[in-house]
Amino acid sequence: MDITTIVEFREAIQQAPKSLLSLKDIEVEVETLSHTRHFAECWATLDKRRVVIYAPITPQAMSYAERAEDALRGKNSRALSSFTIYRNELLLGNSRRCSIIVERPLRGTPLTEMLYTLTNERLTAGLCSLRNSLNDNNLSHNNLRPENILVDNTAAWHCIRQYYTTAATGGDNAAFEHLERLIARHALADEESNELHDTLSTYSTETTKPNRERCEELGLVGFNNERGERVIECKYLWASDFEEGRSMVISRERRAGLIDSDGREVIETRYDEVEYDPNTGRSWVLNDGLWAEFDYLGNQISGWGEES
Amino acid sequence: MYSQPITHIHRTAFLFALDCSTSMQGLTKLNNKIMRKADAVAVVCNFILDELLERATRNEEVRDYYDISVIGYSKNDITPIIPHRCDRLISIAELAKYAPRTKEWNFEGNANNGDNIDNREADFVLREWVKPLAEGRTPMHTALTHIYTLVDRWCSRPENRDSFPPMVFNITDGEANDATQEELITAAEHIRETGTNNGNTLLINIHLGELNDNEIDSWEPSKIFPSEREFEASSAYEMTLFRMSSPMPQELEAVIEAIGSDRGRPPYRGMGFNVTPGELLNILNIGSDSINIA
Numbered sequence: 000m001d002i003t004t005i006v007e008f009r010e011a012i013q014q015a016p017k018s019l020l021s022l023k024d025i026e027v028e029v030e031t032l033s034h035t036r037h038f039a040e041c042w043a044t045l046d047k048r049r050v051v052i053y054a055p056i057t058p059q060a061m062s063y064a065e066r067a068e069d070a071l072r073g074k075n076s077r078a079l080s081s082f083t084i085y086r087n088e089l090l091l092g093n094s095r096r097c098s099i100i101v102e103r104p105l106r107g108t109p110l111t112e113m114l115y116t117l118t119n120e121r122l123t124a125g126l127c128s129l130r131n132s133l134n135d136n137n138l139s140h141n142n143l144r145p146e147n148i149l150v151d152n153t154a155a156w157h158c159i160r161q162y163y164t165t166a167a168t169g170g171d172n173a174a175f176e177h178l179e180r181l182i183a184r185h186a187l188a189d190e191e192s193n194e195l196h197d198t199l200s201t202y203s204t205e206t207t208k209p210n211r212e213r214c215e216e217l218g219l220v221g222f223n224n225e226r227g228e229r230v231i232e233c234k235y236l237w238a239s240d241f242e243e244g245r246s247m248v249i250s251r252e253r254r255a256g257l258i259d260s261d262g263r264e265v266i267e268t269r270y271d272e273v274e275y276d277p278n279t280g281r282s283w284v285l286n287d288g289l290w291a292e293f294d295y296l297g298n299q300i301s302g303w304g305e306e307s
Numbered sequence: 000m001y002s003q004p005i006t007h008i009h010r011t012a013f014l015f016a017l018d019c020s021t022s023m024q025g026l027t028k029l030n031n032k033i034m035r036k037a038d039a040v041a042v043v044c045n046f047i048l049d050e051l052l053e054r055a056t057r058n059e060e061v062r063d064y065y066d067i068s069v070i071g072y073s074k075n076d077i078t079p080i081i082p083h084r085c086d087r088l089i090s091i092a093e094l095a096k097y098a099p100r101t102k103e104w105n106f107e108g109n110a111n112n113g114d115n116i117d118n119r120e121a122d123f124v125l126r127e128w129v130k131p132l133a134e135g136r137t138p139m140h141t142a143l144t145h146i147y148t149l150v151d152r153w154c155s156r157p158e159n160r161d162s163f164p165p166m167v168f169n170i171t172d173g174e175a176n177d178a179t180q181e182e183l184i185t186a187a188e189h190i191r192e193t194g195t196n197n198g199n200t201l202l203i204n205i206h207l208g209e210l211n212d213n214e215i216d217s218w219e220p221s222k223i224f225p226s227e228r229e230f231e232a233s234s235a236y237e238m239t240l241f242r243m244s245s246p247m248p249q250e251l252e253a254v255i256e257a258i259g260s261d262r263g264r265p266p267y268r269g270m271g272f273n274v275t276p277g278e279l280l281n282i283l284n285i286g287s288d289s290i291n292i293a
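In order, the protein sequences belong to chains A and B. End of the first sequence = 307 in numbering that gives the first Met the number 0, gap-free, step of one. End of the second sequence = 293 in numbering that gives the first Met the number 0, gap-free, step of one.
One should not assume that every hint holds.
[As the list claims (entries may be wrong)] Derived lysine to any residue pairs resembling SDA-like cross-links, with alpha carbons at most 25 Å apart:
| no. | chain 1 | residue 1 | chain 2 | residue 2 |
| --- | --- | --- | --- | --- |
| 1 | A | LYS234 | A | ASP259 |
| 2 | B | LYS74 | A | ASP294 |
| 3 | B | LYS74 | A | THR35 |
| 4 | B | LYS130 | A | LEU296 |
| 5 | A | LYS17 | A | TRP42 |
| 6 | B | LYS74 | A | ALA174 |
| 7 | B | LYS74 | A | GLU274 |
Quick caveat, the hints were computed from the structure, so don't treat them as lab data. Predicted model only: the values in this text are computed from it and were never measured.
Whole structure, please, built from the sequences with the hints as guidance.
Here you go:
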């Protein structure tokens, strides 16, 4: 089964719905394109409902997704999002096709934001309800982090990015403990609950961003500073947002690299893939089917091997 | 205001919030030696802690002149550094009972260009109170919220009511990613609203610069305790740090002016932007230099 790259995925979804086999009533939000370790992802509207589309970017990705689809099949809980694999749905270049996953979450705001706007009591109730729901359905999400949980207007929690889900409980114990600590630290005290409705309606989702705004010229991506001055020339097919001073880029020659906020190539744009992890500062780099690890400064710190 | 000498009865507090995120793996230069920003911050903090300890020592006895807290922030959370729990400050006498390993720092020589932390020696030995850490995101808002709790509690204690107020140093290289700029400013204002009868808590935000090129001396110009009237921000982020920082009281102006730098007329703001490790040390020294020990 074919996998895709971020550039191919971007080009394919720009052509949607033409590039899709059966999902014709879809409007893709190309600007939401991002990726996790194994999947490229993008938000879209399908049948008047917001959905997330995932496409595999590593050989292991679809086996995770198929295992998750099996585990989630027939489960009926508001805490879970509908999760469907559409096999060979997306037309890539050279007449290749790859499967995609469509997840249909209930409407909500990421827990990353709601942690600061709901009371301890309401957040704890949401957490308990999600934990019970996963237990009742004998499931582990295995990737429960605040950014993978949506909170609806009743303060109920719903999972997204369910592609690592497995049919057994226990996989989320550490994650739930971490979420409990986050709630204890960040939630509003219960007596502050009168502020809840104002806060909910006015809360801004904007977080502080590094002094770089992505810009596009003739289909190529670069970066401006906040005064609108070009600081990194538009010469990349794709570039991620800056995180911890680094952005992953793909050159016109479809080679991947990593740049710093002045546009210097910390990792040269000559590789098949670069997966930068802002949590560690390290990158996994793919070259001719082999992976190697690089540090924040672009020094190679492991030999080339088959597994990342 | 801001005049209470330090005694056994009127101790003061120093709190340090250290950005320990991934971007602190970027490079800087200290005494002509290129190193990660996280390493340089650790050296400077260890230097300051040794300095505070020395100032509190009389006839080989460490007196409780200061309460200390050092926390790191990264990975969506805060990390206790001193003491080993985040929920309290530790007295300098208690700190002295820890015996961290020492580390010898060897430098090629003094740069004489403001990048030095010690003009007397090229090599020195420091106790490793603070170890470098540079992993994860930058939850500065989380750290400021926690600092607020600590200083508010410290200021509320009756024995501290007439003390010189706490000084909080927030050391970062930017890019907070757990809050909006307005939320950061609000969190900072909460800290600055705490205080004692001798003045409000002083919050000093310090942004570390990065070497533009590994091979040559190439720094963006720094701003240290800029004039409130003549300050011009080059970015929204710099303006945010300015708005987060305390106006510095008149009583500390002479010490600030002794640092040098062409900063314009007072009053000054408690911030540094694009600073080198040597300048960081000068800023942190404000704390120990400006408060008299009785």
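To see whether the hints hold, each was checked on the structure:
1. For the proposed pair LYS234 (chain A) and ASP259 (chain A), the alpha carbon gap of about 15 Å is at most 25 Å, so the pair holds.
2. Only pairs whose Cα atoms come within 25 Å are accepted, and LYS74 (chain B) paired with ASP294 (chain A) is accepted, the gap being roughly 18 Å.
3. Our distance criterion of 25 Å between C-alpha atoms is met by LYS74 (chain B) and THR35 (chain A), whose separation comes to about 17 Å.
4. A C-alpha spacing of about 20 Å is found between LYS130 (chain B) and LEU296 (chain A), which places the hinted pair at or below 25 Å, so the restraint holds.
5. A hinted pair counts as satisfied when its Cα atoms are at most 25 Å apart, and LYS17 (chain A) with TRP42 (chain A) qualifies at roughly 17 Å.
6. Using a Cα cut-off of 25 Å, the hinted pair LYS74 (chain B) and ALA174 (chain A) holds, with the two alpha carbons roughly 14 Å apart.
7. For the hint pairing LYS74 (chain B) with GLU274 (chain A), the CA-to-CA distance comes to about 18 Å; that is within 25 Å, so the pair holds.
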